[in-house]
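Colleague: So the chains spell out like this:
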Amino acid sequence: MMEILLASILTDNLALSFFLGICTFLAVSQRISTALGLGIAVIVVQGVTVPVNALIHTFLLAPGALHWAGLPEIDLSFLRIIVFIGVIAAMVQLMELLLDRFVPALHRALGVFLPLITVNCAILGGSLFMVERRYDPLEAVVWGIGSGIGWALAITAFAAIRERLRHADMPEGLRGLGGAFIVTGLMSLGFSGFGGLVP
Amino acid sequence: MIRLSHHLTDPLIRSNPVTLQILGICSALAVTTALATALTMAAALIFVLCASAAIISAIRRHIPHAIRLILQITIIATLVIVTDEVLRAYAFEISQRLSIFVGLIVTNCIVLGRAEGFAMHHPVGPSILDALGNALGYGLVLVIVATIRELFGTGRLLGIPMLPLAEQGGWFEPLRLMQLAPSAFFIIGLMIWAIRTARPEQVERPEHRLLSRQGEARP
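Residue numbers (the working numbering), protein chains in the order written: chain A, 1 to 199; chain B, 1 to 219.
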């Protein structure tokens with residue numbers, strides 16, 4: 001458990017070692033406050049969707065999963081991409097409604113980010129990795145929350161670096177996007193230094 | 001034909017979806033450790049992008065506005081599943097190496113972006129050309145990055161030895177960094193720098209002017 005948590009936050013960081021969610025990562029990292037808001041939204045969505053997808057995969061889609069319904073020979077695993085996308089979109093909608101009803105303050109803060117998250121590859125990638133690595137539902141909870149925290153950590157740190165770099169005198173072609181890529185590369189290099197933490 | 005062909009050629013370098021609009025790089029970079037995986041990924045994206053543009057453009061007059069995104073995502077996801085299953089059936093080894101990244105074409109911003117931004121308002125022909133151009137622009141970036149990473153990371157291209165390795169009596173010492181994630185970020189960053197130096201109109205406006213360079217005091 002502890003290994004999965006550490007790996008998902010540091011060494012297998014979705015943004016920095018698997019390039020997931022980089023579009024959003026580069027686009028929404030101009031200010032620390034927005035980056036932090038998006039990061040928290042990712043943690044919440046990831047923490048909810050990965051376990052839900054894990055349950056759906058174990059009890060509906062995996063080969064032989066329909067054993068309980070008396071159909072042990074059916075293998076629906078080819079449907080997982082479309083089912084996962086549907087679950088993610090539905091969960092995001094549901095969370096938007098629930099937050100609006102019960103925690104309006106949080107809804108106002110996260111509101112603009114939630115629809116963005118539906119098409120964030122880090123969310124779908126998290127669920128697909130969960131299947132590929134054969135995590136059981138309990139491990140999936142840890143992986144979901146951990147990978148969300150890892151992504152949030154990366155984007156917050158990156159936004160902080162970018163805020164400082166705004167005043168830097170960079171070559172014209174590197175200004176903006178080019179420089180952002182180089183900085184992300186350096187961060188990725190830094191995170192790979194955590195490699196020894198997880199056996 | 002000249003009027004149509006700019007749909008195809010524009011996205012290659014001038015308005016390349018990856019380097020100019022930061023679209024679709026999520027999946028683009030992870031598969032660039034070897035040229036073979038990058039080529040497969042590019043082929044998969046070309047198929048999905050062109051087919052989805054053709055289908056969506058063909059039925060664009062019948063799509064109710066309110067559910068268009070769901071419909072587009074469903075069409076794209078279906079095509080991605082078909083691609084994934086075909087790869088698994090006929091190229092199992094390479095589909096294992098591509099891991100989850102073929103599946104992630106669903107959330108690739110280029111596909112949905114072209115469907116929503118172009119195919120919804122244009123006839124089938126231009127939509128396919130525009131999709132092909134964008135897919136080739138994406139493939140071009142992928143192939144360039146993968147060539148650099150595989151050649152300098154292992155001394156091979158497509159698995160064929162190109163540079164004589166030092167351990168076999170040659171002179172080339174493989175750069176381990178090229179096979180790790182950070183190198184992909186560096187290569188893309190340098191590519192953007194090169195493109196923007198050649199085409200200064202793409203340079204982003206600075207948020208703050210540096211006074212020392214202007215040589216004048218603050219008003």
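If you are wondering where the hints come from, they were derived from the structure by calculation, not from laboratory data.
Glycine is no exception: its CB is placed at the ideal position from the N, C-alpha and C atoms.
Honestly, I wouldn't trust all of these hints.
One-sided and incomplete, this derived list gives chain B residues near chain A with beta-carbon spacing under 8 Å [claimed, not checked]:
1) Phe152
2) Gly153
3) Met178
4) Phe185
5) Ile188
6) Trp193
Colleague: Find the hints from earlier in the document that the structure breaks and name them by number, from lowest to highest.
Modeller: 1, 2, 3
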